[in-house]
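Residue numbers (the working numbering), protein chains in the order written: chain A, 1 to 444; chain B, 1001 to 1535.
Each statement offered as a hint is correct.
Per the computed footprint, the stretches of chain B lying under chain A, defined by three or more beta-carbons under 8 Å from a beta-carbon of chain A, are: (1) 1088-1096; (2) 1176-1187.
Just a sample of chain A residues kept apart from chain B, beta carbon distances all over 10 Å, derived: (3) E252; (4) G390; (5) T394.
Capping the alpha-carbon separation at 20 Å, the derived lysine to any residue pairs in SDA-like fashion look like this: (6) B:K1459 <-> B:A1437; (7) B:K1121 <-> B:A1142; (8) B:K1459 <-> B:R1341; (9) A:K326 <-> B:D1395; (10) B:K1327 <-> B:F1310; (11) A:K326 <-> B:D1392; (12) B:K1459 <-> B:D1417; (13) A:K326 <-> B:D1394.
The set of hints was computed from the structure by calculation and includes no laboratory data. Please read all numbers here as calculations on a predicted model, not as lab measurements. Heads up, the beta-carbon is just placed ideally off N, CA and C, and yes, glycines get one too.
Listed below are the residues making up each chain.
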Amino acid sequence: MTEFFCRRDLLRAVGATLMLPPFLRDAMAAAAELPPRLVLFMWANGTHLDSFWPDANFRSFILDPLLDDPELRPRTTVIQGVRLDAEGNGNEHDRGFHSFWTGVTPVGSYSDSYGGGPSLDQIVRARLPLAALPYPTLNCGVHANVQAPKNGHRTSFSYVGPKQPVPTQIDPYRLYAALFRMRGSGDPMTRLRHKRSVLDFVAEDLRLLRGRLGTEERAKLEIHQTSLRELEGRLTASLTPGQGTSCARPGEPMPGGLDLRADANVPVLTTLMMDLAAAALTCNLTRIVTFQFGYCGNGWRFGWIGINQDSHGAIAHLDLPGGDPKIAEQASRIGRWTTEQVAHFARALHAVPDGSGTALDNSLLVFSNENATGYHSLENLPIAFVGGAGGRLTRPGRMVDVRHPTSRAWGTNHQVATTVTRLMGLEAEGFGNRPACGPLQGVV
Amino acid sequence: MRRAVVLLLCAAGCVGAIGETPPTPLEPPPAEMGCRPGTPARLRRLTTDEYASVVADLFGAAVPRISGFPLDPRVNGFGNDATALVVSGPFLDEAGHAAEELAASLPIERLAPCPAGQTEKDCARAFAHGFGQRAYGRPMAASEVERLGSVFEAGRDPGGYQEGVRLMAEAILQSPHFLYATELGGGGAGTTRLTQWELASRLSFFLTGARPGPTLRAAVEAGRLTDADGIETEVRHLLDTPRARQHLRGFFTAWLGLDDLPFMTKDGSRVAEFTRQLRDEMTLEVRRYLDHAIAAGASLAAIFGGTLTFPGLEVARVVYENDILTKPAVDGEEVSLDTRRRKGILSLPGTLATHSTVDRTSPVDRGLLVAVRLLCQEIAPPPGGLVIPAIDTDDLTRTTRAKQESHAAASCAGCHDRIDPIGFGLENMDTLGRYRATENNKPVDSSGELVGSELDFRKFNGPAELADRLLASNTFRECFVTQLWRYAEARLETDADACVLADLKQSLRTADDPLVTLIVALTRHPTFTSRRNAP
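In isolation and in its complexed conformation, chain B is listed as follows (with noise of 0.2 Å):
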């Protein structure tokens, strides 16, 4: 059998900046101008994993698991780009019949209690500020409330109190108040400052995925999210929480592309010791892993250069075999990892086998990860007319990094030379992430090079030099503070956000600065707190 791999080929520049203007030095502006903000007021429409969680808080573990919603878009590897998730047809189908189950599963007598002696419209009047307020995550306008006054008058006939309440619940279950986080602030010309609310509600779903619980809601309402000082000790409290330490894990698995690794599959004909059993082991390791590393901090160093791990008894024995120190007696035991062979998240089975082929490493697809989410450079996919050759797993002659180096002939070299020896620096890792000394009875040369900025001809050999080089790199750390802040601001950068982005590289000075100072200087920053009115 033979293989093909698109070797990425380069007609024009290979290099631009993402998004759709080209790359603007970032200046820092002139101290006295500030930044402005960027991000228009907007909508953002929930993340599916959002509108989950958001129900669950409202209704408790005893609603059906949200689910059938059609797929969010990955834009740059995140689900939560606010241009692209919008409310289409099929997903405004499943919020109503989602609405419908959740409103036929409210407990009524005790949500919406009505005593003897009130009546059944203040009972209901009381109902629609409560919940509302739950679901909308800020007070309800006392005309919103009037207006679903008209929907309970609609539900209680003929099906009484109950009923009525029900079709509130529903009706407020699919308001766009509901289904979407409002960045709008008090509206003006210019520039407009979000609502205590709205900034709750964005602090809230960037660190933990939900609207504010118990604590930000008190926050709020005792006036204390009016300063960058209110707002640092709210962010430091929810980083605090288990909730926003799993919801931190969910970033870097977006932006390390490990979302795929649930799902993936080997060729079994080639790779005889993947089982579903090894992938589920390695999907658990990896988020052992991460927890460890965002409770120690989230450092750069913490995340990229762990010599701890948890691997589970299979992926121990098959794939690790000499490269932990110890062998773990249980599942999810910690050990320490050999950090000549391996050291951080890149060096874990997980990582090196999503981004692998089916039957073979893949030199390319690591290279890209390194050089597109990591160092944040851009690379063109292949332009048309080419003939792209190929890679053939049945030559059992050749190493792949043999067969790769060959294809790259010289039009493809303008793009490949970017990719491929970063992932050639890994080749000693197989597709399962198994250390290999020789491939196809061949000794493996596992020498690469980082290029690009600073980092040009950075030689390494192997996943633990790789991470020493990237640890030593500005180039890394000002790209993982973009990433950051795209997925915080659940966008892309434009030309107007080169001058937050500059701010903020300065406030992460090193590998071992602890990811909390990047937030709070994030959360922090005027364009966080502020939109801009869009014509």
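Bound-form chain A, shown alone (with noise of 0.2 Å):
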């Protein structure tokens, strides 16, 4: 794994509840006064929409994970009838990453296509109180980047700035230590005047450079300047004293030699950083999350529930209307497999009490998929919201069709941005390039 990273915290920690470190009593004060927590999981080649969507009585093959369990089922909301509205290069596995959550026309060339603006999560981060949580927001996921140099592009799907990708965290080992290490040791205090004085001579750098960018180059710099605001509100938050409170934080990552590149390994993985990034919520370190299964057309081979093929070329594309029903099957089987994850994360949630609900209550997941069919079809994108978003989402428990009644004109993703941005408690008349778009229809 990493030299510095450092085994004897991992064996220190033991997966049971503990006294927390100081740090995240402070971040919990704080947590009275915090809008949802939001999640985006984004999972990847389209699915099987036929045994997406839920039937009469609120069940579906796929997404029964969550419809079946009881606690689940009533604060889950389908979202039928979504069209991801994206254009300019790149394919349909490129536009659901560079588009769907920028809502904005993508910068690089066809075969090389980025995000051409921020994404939902940084843009919510930028005009929520995020300061005081020690990461504002996280952006994790497995095998996000098992194939960087031949396409760099699909690593992650959140970006700062034009082609500017926030990278995806996919070693637990790594995030553990960010989330949960204690870093260095002496009085706390020292530590921190310490701390701050490289911070403000690094800050006074920054501003003296600024003056000598033109306007592209000084955006560069914003986004150094917040990542070391938010260093220092780390640094401040970790290293402040208080008195302890219990949260429960998730056990040791297994020990070393863990591949994060190797197929067989993704179940283990998923569930490592979930766990771990569902603790990060829960404890309030964070308030804001990303997470990728795979990059977009991945071919996780899914040996681990009896497959063990190519799922993107032997069984997403394949998966034609009126095909192969096998193939039918076995793309149904790796959607509720993903379900079963994102069901798991909802659980752990909904675990941890928090105000007059759980956890959950007071966050939005949603679950969505960059493709909405494997044969690289943009139309009705398998969507689904989990959680009650603080009691904005007021009916949860159904399958909505944003369609619009008459027309049959598709909802977009641009009003699916506009809906969670209200659902985070921010006024949102459109998204992206489509400010005037409106949230979808019916869902709050």
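Join the two chains into one complex using the hints; note that each chain is given alone, in its own frame.
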């Protein structure tokens, strides 16, 4: 793994409820005023839609891991009728990644296209009072960058600016260390004073450089400044003394040697990353999470559910209307397995009391895919909201068809983002290059 | 088991310019005007590889290896795109942790001694000057040292002199002047010339992936980087170092999509001969091949037409079989390729195997490598709403080519006619890069065609003939110039760069010209040494 990572820290942690380091207490104290948690799950390669959409009994093969759970069922809203409204370079995999959550035309070339502006997670982060949190946003996933040299533009769907992807953390050891490792030794106040003097020096360097740059280059500097402010917030939170409180933190990730690129490790990596991300949310170390299941176009073989074939080339692409029922069945089971992971995540949030309800009640999980179908259709994207969004999602437990009642015009990803922004307690008339698109019809 | 392939389908036109602007013919500018620099005054964040090299230079081999940094975005295969490289939260986290660990490892007694008779303040200032200069690759400004003084004061309370010095080092290692290469020049309106230190840094990162070493620093101090001749002298000197040769290898592997090779996997149920050892030997062979070609001048002919290679024993046994004239007695021994079948980097097992799928050849992947990376054609990915036919690897009655051809429906042909015929020409090399005359008991047809520009309908058969066609092609030579320029400039070109690209294309006249010719022309060019002050 990593030489800077200290194994002892992992071994020291036991997977139970622990006295929290003081910084968590401070974060929790601030939680009362915080907006709902937001999680954007992105899975890839489309799905078998006939198995996705719930029937009259609000059941579906793919979604049953959510809909069969008596606690999750009433907290799930299935969104039908959204089309990805995206143009410009890239194919449908790329468009899902560069445009779903940015809502703007991509930059880059045909074969190498990137988001053309910040994505929803970063936009919402900038608008919400999250500065006191150690990690205002957390971008993580599994196998997100396994093919980085060939598919650099498919390693993240989160962007801070045009062609500026937020790197996706795929290493549970690293993530654990970032979230739960107490760094440094000695007197915390001394350490804080030392670190602040360093950060002040760096901030002054950045300020002096700013005047020497044009607009576009300044934007890059501002990203750096934001990162620096967050780092300082993290330091302050982690080193300020306070009284302990308790919060469930996950056990150590499996000891070393877990190959982060191996296909067979996808299930264990998914569980590890999800447990860490859920803990970060329930401990109020973060409030916004992106979670990426592989890169778009990944060929996970799903040997762990008895499939063991290239799920992109040999399954998704062959899952055609009226096609081979065996392929449809495999595509459906892949969807169901993915839903199981999301349900596991939702249960982890639901297990934690939060205000008058649970952490899940004060969260919005958006479960979506970069394609609608395996054959690259972007119409009728499979989307589900899980959680109560702090009570703003007033009538969950149903499917909503967001198409226009008479014209049957599609809802759009811009409207999804507008709806999500509003559910986060922020005003929004539109999103990206559709500033007046309004929210999805009938969801809130 | 069935397999599918995305047949690239093209509704609209297939070919366009890379970047955000439509193609513009490259007309040389009127000579009296010269070329204006297209690159703005900017900061270019170091890649994680550059960061690691810089740290290794500063601290020596004893420091912990830098790892855990998020992967850099790859644009057009290159990891150094100046727009895409930002100091994201995760990057800053890692840089902060690394700075703390590195500062803690500093041997203060040796690096920042403070003999009796000097004040600690003076000693700290001396350290800030020396360490800062090495870290930033330029002399420290008095104001910077002054501000570091406050960091020193904070650090030595209560840790004393040593902790104060360590904290200064920590600050330097997180400064933007350390994390970025600055390309700011002297400011002012319009065009600005890079400072000599910036120019040295630019040369050094381009050619060695690190900050300037002692020789280049001495050249700056002696004022030798003020004109094109001075630059050329230093460039030629740099290119003569092992470090530059190693770094050039990285350019070629990124360009040719070979950075995936060390992680390549194959489906063991279909490619039983694939082992990790075979893959690792392929990786080493590519490295040795490139090292040899680079040492021989790195002309296009040396890279793409070389007839010697250095395989491992397993690769020789499993992949080459009779395609080498002698068997290596030991791993990596020089052998001659049978040039009727193989020639150059594209014919190496590692290249052919990387540009394949896990269980079969991919005429599309191989075709795209040539069309996009080697000929600079832009091919659109398949648009929406299409039904994608499959390539059924369980169908043991037909060749991959036959399956692929039968699926290239008319609507797909607009793009696939530019891609597949190239890949078909390599069909006599299987997913491990092994020669085959038959596939599924059917004869393999490896007649191929290069499509595009003056290469239209140049027929070839197999990798050796492909190499010959490419090496005779102006399009290929010019694309190479463009790719090297993109890598040197750390960005894609726009219309504004047509001028410099036209100049450079004049400078590499044949495939036998050594690479140094082009690099000298590139680094002597006024656009290399200047920046545009953007609003």
